[in-house]
Amino acid sequence: MATNDVNLADRSGNLVESYKGYDPRIILFYFLIFALLLTLAIGLGYQQLSKTNEYAVAEKRQNQRRILVPGPRGYIYDREGRLLVGNRARFSVRLLLDEIRPEILREFRLIRNNYRAVNDKDIPTSREIWRIARVSVVQRYLDEVNRILLRQEKVNSGELDRHFNRELLLPFTLIDDLEPTEYARLLERLPVNSPASVYTFSTRYYPYGSAAAHTLGYVGTTDDVTIEDFPGDELRTFKMKGTMGRDGIEKQYDAVLQGEAGGMIFRVDPSGNRINPPIQQVFPRQGSNVTLSLDIDLQLAAEQALTYTEMAGAAVALEVATGEVLVLVSKPDYDLSQFAPRLSHAAAADMTERGAWMNRATQGTYLPGSSFKILTTLAGFRSGILTPESRAVCNGVYVLGRATFDCHDRHAHGDIGLETAIERSCNVFFYEYGREIGVDAIASEARRFHLDRPTGIDLPNETHAMVIPDPAWKRRERPDDGPWSGGNTLHLAIGQGYLTVTPLQMAAFTASVARGEVWTQPTLLHQPGRPAQRTEPIGLTPAQREALLNGMERVTGPHGTARILQSGLRGLPPLTGLRIAAKTGTAQKYSPKGMINFAWLIAFAPVENPQIAIAVAIEGDVPGEETGGGLYASPVVHAILKTWLEKRKGSPARITTG
Amino acid sequence: MPFKRFDQARPFVTLGVAVAAWAILPGALKSFTRATFFELTAPISIVASHVGDLQEYWALRLHSKHELIRAGTELARLNASYQVAVQQTNELRAEIDRLESLLRLPSFTQYRYEHARVARRDFSGWWQRIVIRKGRNYGIPLGAPVIFSGGVVGRVTEVHAATSVVELISSPNVRLAGVVEGDVLGRPISFQGGVNPTFAPPTGIVEFVPLDVIASPTSTKRLVTSGLGGVFPPGLTLGTITVARIASDGLFKTGEVKLDERLGSLTEVTVLVPLATE
Chain U
4 MATNDVNLAD
14 RSGNLVESYK
24 GYDPRIILFY
34 FLIFALLLTL
44 AIGLGYQQLS
54 KTNEYAVAEK
64 RQNQRRILVP
74 GPRGYIYDRE
84 GRLLVGNRAR
94 FSVRLLLDEI
104 RPEILREFRL
114 IRNNYRAVND
124 KDIPTSREIW
134 RIARVSVVQR
144 YLDEVNRILL
154 RQEKVNSGEL
164 DRHFNRELLL
174 PFTLIDDLEP
184 TEYARLLERL
194 PVNSPASVYT
204 FSTRYYPYGS
214 AAAHTLGYVG
224 TTDDVTIEDF
234 PGDELRTFKM
244 KGTMGRDGIE
254 KQYDAVLQGE
264 AGGMIFRVDP
274 SGNRINPPIQ
284 QVFPRQGSNV
294 TLSLDIDLQL
304 AAEQALTYTE
314 MAGAAVALEV
324 ATGEVLVLVS
334 KPDYDLSQFA
344 PRLSHAAAAD
354 MTERGAWMNR
364 ATQGTYLPGS
374 SFKILTTLAG
384 FRSGILTPES
394 RAVCNGVYVL
404 GRATFDCHDR
414 HAHGDIGLET
424 AIERSCNVFF
434 YEYGREIGVD
444 AIASEARRFH
454 LDRPTGIDLP
464 NETHAMVIPD
474 PAWKRRERPD
484 DGPWSGGNTL
494 HLAIGQGYLT
504 VTPLQMAAFT
514 ASVARGEVWT
524 QPTLLHQPGR
534 PAQRTEPIGL
544 TPAQREALLN
554 GMERVTGPHG
564 TARILQSGLR
574 GLPPLTGLRI
584 AAKTGTAQKY
594 SPKGMINFAW
604 LIAFAPVENP
614 QIAIAVAIEG
624 DVPGEETGGG
634 LYASPVVHAI
644 LKTWLEKRKG
654 SPARITTG
Chain Y
4 MPFKRFDQAR
14 PFVTLGVAVA
24 AWAILPGALK
34 SFTRATFFEL
44 TAPISIVASH
54 VGDLQEYWAL
64 RLHSKHELIR
74 AGTELARLNA
84 SYQVAVQQTN
94 ELRAEIDRLE
104 SLLRLPSFTQ
114 YRYEHARVAR
124 RDFSGWWQRI
134 VIRKGRNYGI
144 PLGAPVIFSG
154 GVVGRVTEVH
164 AATSVVELIS
174 SPNVRLAGVV
184 EGDVLGRPIS
194 FQGGVNPTFA
204 PPTGIVEFVP
214 LDVIASPTST
224 KRLVTSGLGG
234 VFPPGLTLGT
244 ITVARIASDG
254 LFKTGEVKLD
264 ERLGSLTEVT
274 VLVPLATE
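Protein sequence lines, in the order shown, are assigned to chains U and Y.
Going by the numbering used here, 585 is the number at position 582 of the first sequence; the sequence numbering is gapless.
Going by the numbering used here, 170 is the number at position 167 of the second sequence; the sequence numbering is gapless.
Calculated directly from the structure, the hints in this document are not laboratory data.
Label-pair restraints from in silico Cβ distances: (1) U/N56 to Y/L188: 51 to 59 Å; (2) Y/G233 to U/N56: 53 to 61 Å; (3) Y/G233 to U/K157: 21 to 29 Å.
Output of the computed footprint for chain U on chain Y, the stretches with three or more beta carbons under 8 Å from beta carbons of chain U: (4) 167-181; (5) 232-245.
Model, not experiment: these values are computed from the prediction.
Even for Gly, the Cβ is constructed at its ideal location relative to N, Cα and C.
Chain U with its partners taken away, still in its complex shape (with noise of 0.2 Å):
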């Protein structure tokens, strides 16, 4: 042993040791750090062979984002190609938050120390303190804004920790809606190496403010940006906030609007801070226009003629042959920028007070009135009861049993015949004639026509609301009012009772008369060479139709109840050389204010080569007043047809857009 220890010693001095000779002993531990070395070496091949692509997968999660931001929105036009809705830049001033984290743990630490310093009792938690240092901080940059700019914004806390603590890697918005002098003042005044910087983004645009509100519709935000072939799905995602289309054509094409969102992969350090370039980058791509079918000349025309009225209703004009909707409008309306980029809480409630939000064309069912006499006149000449040379004798009132049913304003028009009827809108002449074609042949009729169901236009949120009724409908809906009665027959000839309607059906139920058809299928997108709709025909002999016809053109004559039209009274002058089809109706309903009227005017032109048909409805607002269509809404229809002429003439419209 003692020799042991000296042959240790000796060669303890050398720099290098040998060793003579075999030791069995160590052949224990050769074997002992093969086996350790072997599984090291199998763990290792594990690990690098079986689990490389689970270990990738986690590297990337942890030091990898994703950003994605949305497409801009494709344009909408009218059929001319004049925008309608576009995309509008709008200047925010951001500010980069993860590259003021240094400075928010400055002041934390200063505001921690301060609190220390005074031995204050109440120190806020940790967490408070890192609240208020974010605020702080991100005031501070503010505060830099507001000077330039000359502005007193305040930083909101709670979106601050909220956007702190979910998106991080995106940009805070101090600042949204800069004007241009403002961000070319931040352009020139901002260090360009600051977090906060100005920005741009996309909103919608609206050339002619609340023109067609209700048809184009507006966008609200969404999170819900996706992408497709772009990878990272695993990774965490932070997505720009996107636009959906909420209602109207925004929402009824929405996915062929839509953009296509772009992405960017970025690498980020531990405390998750941006590290630029991007790995992967994907530019976003605007999406596919829209032409929609409206003429914005005659749109502008009756928005400004129903404006005028001063009440709600709607106005509705189809191009006969195609059923491609050239106005659609409901009133009262709202300002679509005001959407851009959010719609005020003021705002909305200021809409929601006036009833602004209703798309009275499509939403908005009444009682057609005596517009509906037209509907009734064509089941009585295919019942075979009514002909054109049916006459009858009004004498003001019409005796059903023991109750008694008014003509207009008890008015007496004697013996009279159809087109006579129709021109002064009989009631007792319809009343006669209706009782004995019967509900069910004006009902079918009515069926025959689409009046009891949707239209099926290219707009969300169509009511399905709309009532044909009949004996089985009044059993099925209206139990308490006992069976159906010959009144309810003589109310429905006329277009009263339990019957509604929309004002798009009734420019569909025209544009059919105007065409000889029972169905027009209306339709918002524009089509250049859109071929004719060809449906069932009516049904009419010539003398039949030649009658209808005549009795219509006559409701626009000197004594028609739509003589305003073509006769220059009230301002409106005569639509010379036009020659028009039309049918005034003044529907009663009780209210709880009481016995409101809507006033309605349906209308066809040119009668020997229709191409336009019209259909308007006019809430009353005032109970007990005389709401009359032939004077209230004939200057709507005046307003569409004379526009719609004077293009025809090539003369262009003059429309300004207020």
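Using the hints provided, position chain Y relative to the given structure of chain U.
Just chain Y now, kept in the frame of chain U:
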């Protein structure tokens, strides 16, 4: 043996100590050191600049009298044309003043013009800046716009006792609001210096260019200052937009701007000192 090893490592240890000492020095002291260093070395730049001027002077002295007479004649012609231009400018200015007073429009910010000689130029891939021979001694303020006969030069980024540093508009650190000449709507465009390699002609980039602005190398658009930013007066030339392509968002175009090549060889510039700040 251990002593020998330490001797070998001594330079590294010294460097490490120096770095550590610099790292722990207070920020104020560091700033002071940097400023002091600049002030100490500034005379070298100034002297070098003066020597350059002297060298130029003697070089000119070597020219023949004929050459000098010809140059003098050309200069006289140039002066005559400038005098006419000055007269026209004065007339226009009077007219503008008259119209402004009629319309009761506020006048643009007034400036004092401080002409300065360029002492040093750093025109490389790293820096795009010049040092001028005027500083606090002439009341040059930080951020003041600097111009020359070709348009905008840049902004003052550092002011020292007798010198100032001007960041050129070809530098990515300079950004300002421009407008396409003749745009009646006056829509502001973001101009920023580009990444300019050494010896390459200076360029910049523009963003937020309206979609109706069409520019190509054969049909360029002149970019001038908008005056909206409040730093530069309107109408000063920035460069010419040679390329404008639609940006990814579809809302605007982005493009490239060719800057005046004389930026790399400036000898005289003018600092616009806002009178309101004085």
